[in-house]
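Protein chains in written order, with my numbering: chain A, 1 to 137; chain B, 1001 to 1515.
Bear in mind the hints are in silico, worked out from the structure with no lab data behind them. None of the values given here were measured: they were computed from a predicted structure. Careful: at least some of the hints might be erroneous.
Here are the in silico distance ranges between beta carbons for each label pair [as the list claims (entries may be wrong)]: (1) A:K66 / B:P1288: 21 to 31 angstroms; (2) B:G1251 / A:V17: 50 to 60 angstroms; (3) B:I1310 / A:R65: 37 to 47 angstroms; (4) A:V17 / B:P1453: 53 to 63 angstroms; (5) A:A20 / B:G1392: 21 to 31 angstroms.
Cβ atoms here follow ideal geometry from the backbone N, Cα and C, with glycine treated the same way.
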Amino acid sequence: MIKLAAGMTIGLLFGVVMAAVVAPYAGMNGFSGHAPAVALGYACSACVGCAMGLLAERQTGFGDRKARVVTACAVAVLATYVLRSLPLPWLNLVWLDGTAGPLAELPLVVLPAVGLMLGGMFGGARAERREARYPRT
Amino acid sequence: MQAPSMKRLDVIFPVLIVALSAALALATIIQGPQFHADDAYIVARYADNLVRHGQLVWNVGEAPVEGFTGYTLLIGMTIASWLHVPPLATATTMGVVSWFVGARVLYACHEPLGVSRFAGAVAASIFLCAAEQSTHAISGLETEFFIVLTIACAMAAVRRCHSEPGAGRLWPLPVLAMLCALTRPEGIVMGGSFLLFVLIRERMAWRAWLPVTTVGLLLPWGALQVFRRFYFGNFFPNTYYAKLGKSGDFGVFLASFGTHAEKYVVPALVAMIVVIVIVRVCGGKPTPLATSVRDSRRVVFLGAAMSYVIVAASYVRSDLVMNYSERFAYHFFGLSSLIVLVAVGELHRYFRAMTAPRVVRSCMFVLVGICLYLPFAHALEQRPRERIYRYGYSLGTVTHYVPVAQWLQEHFPPHATLAVYPDAGIVPYSTRLRTVDFGKLNDAYLAHHAHDPSAIVDYFFRENPDALMIYLVRGFNKTYDEGGDRLLADPRFSAYQLTLLSVDQGIGIALFVKR
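Looking at chain B on its own, in the form it has when it is part of the complex (with noise of 0.2 angstroms):
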């Protein structure tokens, strides 16, 4: 029985540490500086071509080649293109609204977990907090939407849990499995994981589960092989055949995980994990569990540890290009919150069963409080320097690329092929030029074949396009990879001469013409 003071306690303070955090996630949107992701161009191309020419292709009239991640946010450009709504401003509105809707999601998980609403308040504020969310928001990449709906797929997984098998709602899972797989490849297997051990535990209801599964995912993902298989021509979309075509270094992806984990996940673990040793050594009894509880955390604790395993090992060799504010890694965000929210929920059970002395509990009580705001400590650290990455990558695009595509639109002819080394952004999408993506996102022979740098260069010179824009790290001494170098020094480069170069201290783009 609680005291009415705590009671009200319990409601206040959940109340009050997400609106401070909602608070502080709207001011860094505000604050800016606002920016869009190479990628994010790369699907408006893709939109609008298919809204002006009716064909989903990267250049208009060749053959098709998938150099976008997922089919949700083409889908949405598309529909904004369409109707004359700027397409990057509504990527950017859907990753904002995203954002503020999976810390909601989040937070309403607690229920069904049976965790307590302090640890949904302190999971949801950590998820609005994450510095790196407001990077990832306004990117205007699809981010934010995956990760909310991993966390819905979650959240439809652990809500069956608490029915009767093959009882009430069955659509809600595989349609968010399957808008999963929609928004990026490896949606499939979070949004699969979960259906799959929703489908163990009701095994017995496979009648009432295989019209839904079929009609809700099967067919859907189905069609969209098929679709890709002869459309495109693939079974994967060509940024995984790039990747792949890449020399990553084994455990990259590990690595960047390991540093999102780190800051987010790794506190509330082990300050769960301290506490239960505690609680269990002094003889403590926290709340027995109920059976559905407990079958609704142990579906989100396996389909999260089968989407985790399976997708690090498809990423573990993957070259991870522009991989800011940990954006590989951050796809797992919705996956670990949930972790997150199960820990602290634990660490608040077993701490109000400890029976340790006072003043033990008291100095418990300072340790978790401040492991708990680890998080938030290591967010507010990280805040400067996302801004600085935000204002940088803003600033090069108005210094660098800008001037280049309003060169390019005043000087060029319409029919005019433009080689790009690699970033395929915004000069591609504004100046609408047939463009050769030495990227390899945009190009299947690049992506496929193109494994060493002179194929590259052969290739560059077999395109014979009318000028290439590159990328310079350490001004002509040296480019974005061994292939850009290799085609600054063959000898038939010299029919090309250089046109405009927009460098500070050595890092720029360098526009060559062809003489």
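Chain A with its partners taken away, still in its complex shape (with noise of 0.2 angstroms):
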């Protein structure tokens, strides 16, 4: 448990770092209307991944460095993806900042979710792997 709360707060804090840092890059409109922008907001979850599984331990049951990185950047994008083409109109946020658009449109909100996200991932899957070796008695 302690494992995932800690695996949940780094990613968290990565990814609101993140979002700062390339919130004003991205500009009011955040992660939508031209390409340029779309592509930036993929590019950015997949350094979330990327940095995400750099920084996991290795005892959560990948195979090596390699495939935590892949993995990461993986299902930080098909994570992004779903985030952004999920018809959600009543999760507009337009009071959030001033832009209009749905929930993650927004770097502030979908990187963050993001490192959440991976950051679960890989405490739950540490806590999984502590679980398997030293079991409850």
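Put the complex together from the two separate chains, hints included.
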């Protein structure tokens, strides 16, 4: 549980930092509108995934570092795609920072969400591994 | 080895999602509102003229012009007219039946393509749930029938890949390809592509294929081309020249196709690619595919790719007039659904082989589940828009066109000439008047030669019709196109007086009658 919470916290922090860095470049429309902005969104998510894969501990059940990094990147990209594509008009965050668009178009939302999920995934994997090695009696 | 409960789930889950999707599809049709597209009325007029006067023409006693897209719908409507069955109701029935049959045929493709029942059910469900399907099914056009034929062609082709070259039944594929060609002009590309790649695979057995292909496809298609050349005077339908004559923006079709693919095809492809990447890097080993399954998939991909490229290239500068519900891109929905079927099948096969930690698999399960749900979410979001479109069209027909048709029937002699700009739909069909179609589909001169507005205006005054029914976009300030604007502004048009005007917020129709 501690591993899971720690992983999620690290992921969330990483996502927030990344969002803070990239938000000025993304502009008012965030990761929506033109193709470069959309590509930037996916690239940022992949960066978060890459960093989380590199930071993740060895004992998470993956074969090697490359497997961790590629899996994290792939999951991050899929999560971003799902978040961007879900038609959720009630989650429109116009009130948040003046941008008119759905939830996952905003760096401040999508990147921390992806980081949180990846942190949870790796933290959970670590906990799962530990559980298998030292089962509770 | 699967547990009995998992085996039961393998059967129950596909049945359940297909049944729910079919129920949703049925509810969409029952819920209405009903409508018929303009082009359906055009085909009905040709069928009517063929039955009543024995002439396949737009105007009785005039030179034939091929203003319809395909022959299958025409044959269906002609038979219906001959049997005194309403031809448009027949066309709608054909569309609705084809929609459900299409889902069944698509599901049946899962076995020869080597994908799971689950994948077949997901693809069939997306096919049934896609919001635009209901609009196309009830429009009275050949869209759904064409879609089911393309899927059937692909199924016949993939089944061939499980047989020895030249052995077994060979005739279904050429005959289905011919039916595709009869249904829409681009059908020869779609059916022919699948046949071509099967023939390449079975090239050693060319002697067995030669008579079947010749009798089933080449001779009838050749005969159709000869008939076209001698009866209508062209190798392509007039609708083709009409669209060429207009100056469509480059890539409008591709954008329309992109919108359609983004909603219904891309989610499955994205999920498949991500799962394959994860399984590959984590060292999972999916169950290997048989050679015949690999062959069948190769035939589907190559056939679909060739069809996409050729048809997209031919549409690239077309003006997509009345492109409701991505109508032109929708002809690819059969092929797209096959791609979805294979993508979901691969996704399922690789997912089962995933060796990543359990928490990663759970996370992926949720993400992939939502990703596969996306087409349904988009369909649910699109459903109200489709209803509004159908309702608007149906209301427009009742409020604008039906009164004009009634007025013309009451006040015009049967030999009078009507000009329609551009909607040659219900009014020419129900009045049976001689009609000059400024939508160009049913007029050879306009389709081939009238490329600028002044030529259209000159042609109007040369034809000297007794009445003009014109579509208004912003009252009299803006009509359907520049040709229409110039026509109303022309001094010679003072010979016509406004007789009927049906406009709602600037949009509607005006009927001008010669003084």
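Is 53 to 63 angstroms respected by the C-beta to C-beta distance linking V17 (chain A) and P1453 (chain B)?
60 angstroms, holds
Using the beta carbons of I1310 (chain B) and R65 (chain A), state whether their distance is inside 37 to 47 angstroms or not.
The hint (37 to 47 angstroms, Cβ to Cβ) holds, given that I1310 (chain B) and R65 (chain A) are roughly 46 angstroms apart.
Does the hinted range 50 to 60 angstroms hold for G1251 (chain B) and V17 (chain A) at CB?
40 angstroms, violated
Do A20 (chain A) and G1392 (chain B) keep their Cβ atoms within the hinted range of 21 to 31 angstroms?
47 angstroms, violated
Is 21 to 31 angstroms a correct range for the gap between the Cβ atoms of K66 (chain A) and P1288 (chain B)?
At 24 angstroms between Cβs, range holds.
Checked against the numbered hints given earlier, this structure breaks hints 2, 5; the rest are met.
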